[in-house]
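> The lines below spell out each chain.
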Amino acid sequence: MLIKGVALLAGCYILGQLLGETLGKLLHVDANVGGVGFAMILLIFSQNWLEKQGKFNPEMESGIMYWSKMYIPVIVAMSAVQNVRIALSSGVIALLAGVIPVVICISLIPLVSKLAKNNLQ
Amino acid sequence: MEYITTLLSKNGLIFAFLITGIIIFIADYLSKKLTNHKIPGSAIAIFLGLVIAYFGGIITGGNKGIADIKEFSGFEVMGGAMFRDFTIVSTAMGVSFSVVKKTGFAGIVSLFIGVVLTFLCGAIIAISLGYTDAKSITTIGAGACTFVVGPVTGAAVGASSDVIAISIATGLVKSILVTIGTPLIAQKISLNNPSTAMIYGGLIGTTSGVAAGLAATDPKLVPYGAMTATFYTGLGCLLCPSILYMLIGLFFA
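Sequence lines, in order, name chains X and V.
The numbers in numbering that gives the first Met the number 0 rise by one with no breaks, and the one at position 93 of the first sequence is 92.
The numbers in numbering that gives the first Met the number 0 rise by one with no breaks, and the one at position 139 of the second sequence is 138.
Simulated from the structure, these hints should not be mistaken for lab results.
Hints may contain errors.
Stated by the list, open to error - Label-pair distances were calculated between CB atoms; the ranges are:
| id | chain 1 | residue 1 | chain 2 | residue 2 | range |
| --- | --- | --- | --- | --- | --- |
| 1 | V | Lys-31 | X | Leu-17 | 37 to 45 Å |
| 2 | V | Met-245 | X | Glu-20 | 20 to 28 Å |
| 3 | V | Gly-93 | X | Glu-20 | 24 to 32 Å |
| 4 | V | Gly-129 | X | Pro-109 | 56 to 64 Å |
| 5 | X | Glu-20 | V | Lys-69 | 28 to 36 Å |
| 6 | V | Thr-34 | X | Met-0 | 38 to 46 Å |
| 7 | V | Lys-31 | X | Lys-51 | 39 to 47 Å |
| 8 | X | Ala-6 | V | Leu-128 | 48 to 56 Å |
| 9 | X | Glu-50 | V | Ser-159 | 49 to 57 Å |
Said to hold, decoys possible - Computed, partial: chain V to chain X, Cβ under 7 Å:
| id | residue |
| --- | --- |
| 10 | Ile-22 |
| 11 | Ser-41 |
| 12 | Ser-89 |
| 13 | Ile-175 |
Where a beta carbon is used, it is the ideal one built from N, C-alpha and C, also for glycine.
Next up, chain X with everything else stripped away, as it sits in the complex (with noise of 0.2 Å):
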């Protein structure tokens, strides 16, 4: 049924969350620490899981591409409650601050990758 793929979606979802709350009030922070992260890995290894036992059916894989196909609406619509306003008219702090880390940080993702390349092999 389809309703089980979405449950399996939504119990890995709640754990995940559950656990990078916990995570960030046992480290004193207020936030959670990779709760979508965690839920992923829980996605991920249940999938398997259940595919080795045979219980893994098309009809529960669709339950969760619905909602992985959903995905790009639910970013337009994400972009469209952000503050766009605030932001482009904080001043040039919030600008500088906001675009030239950004660079830097880009500029380095080749050589990152690079280096973790070559730490593989």
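Guided by the hints, dock chain V onto chain X, whose structure is given.
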């Protein structure tokens, strides 16, 4: 006319589905007719989203983009953190676990480089624009990480509210820049494989920006970038008000 407004805001989420669908339809059309598919439809759609967010903010003076207009209030749910994170997690289906394992360490290293470098860069900009107290410098440096790290750090070190507002704006500028810029520079930095996407997510961080930027570049890369980016805000909230604040405190009162 009043009852139409009521109807639309009562069915806000459904109305948001409709409008988003129309935006994507228009974006695909523009992508085909104006750019011959050179700029992907999703990139144009995300940009159109930012444009209507701007007008929403101008019309209402509010902070939630188009969602401040009553009829469009459903966008707050559809574009909120819950749907965003839920759909990001769903993209993990079909992720190659061997890639994640192979690039995992490089991803962690790039997270640390990303947070520290971005913070220091933001701090230096704050200093060169005349800030001299450790609290403000730290908060603006944190804002350069993401728009969550900024206010969390500002509250932790006790920065003034206008500095916290600047830090949020800084994080927003970053997120918007990453959203628009990623598809444009992807080819130049060989952002076309899962490993680089993981490193990119770690260095850049801002989940919404990375997620939207990668979606517009190549949707297959989204889960890899999102997986590292999701740790960035947490790491920033951990390092900025503690070690990095102390570091700034060594040089400024």
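> If a hint holds in the structure, say so; if it doesn't, say that too.
So, going through the hints one by one against the coordinates:
1. At about 44 Å, the beta-carbon gap between Lys-31/V and Leu-17/X stays in the expected band of 37 to 45 Å.
2. The beta-carbon spacing between Met-245/V and Glu-20/X, approximately 26 Å, falls within the hinted interval of 20 to 28 Å.
3. The supplied range of 24 to 32 Å is met by Gly-93/V and Glu-20/X, whose beta-carbon atoms lie about 27 Å from each other.
4. Against the hinted window of 56 to 64 Å, the Cβ-Cβ separation of Gly-129/V and Pro-109/X comes to about 34 Å, which falls outside the hint.
5. Separated by about 32 Å at the C-beta atoms, Glu-20/X and Lys-69/V satisfy the suggested range of 28 to 36 Å.
6. For Thr-34/V and Met-0/X, the Cβ-Cβ distance of about 42 Å falls inside the hinted range of 38 to 46 Å, so the restraint holds.
7. At roughly 43 Å, the beta carbons of Lys-31/V and Lys-51/X sit within the given window of 39 to 47 Å.
8. One distance hint, 48 to 56 Å for the beta-carbon pair Ala-6/X and Leu-128/V, holds here, with the actual separation near 51 Å.
9. One distance hint, 49 to 57 Å for the beta-carbon pair Glu-50/X and Ser-159/V, holds here, with the actual separation near 54 Å.
10. At its closest, the beta carbon of Ile-22/V sits 6 Å from a beta carbon of chain X; the interface hint therefore holds under the 7 Å criterion.
11. Proximity of Ser-41/V to chain X holds as hinted, the smallest CB-CB distance being about 5 Å (cut-off 7 Å).
12. Residue-level restraint check for Ser-89/V holds (minimum Cβ-Cβ distance to chain X is 4 Å; threshold 7 Å).
13. Using the Cβ-Cβ criterion of 7 Å, the hint placing Ile-175/V at the interface with chain X is satisfied: the shortest such distance is roughly 6 Å.
Violated hint for the displayed structure: number 4, the only one.
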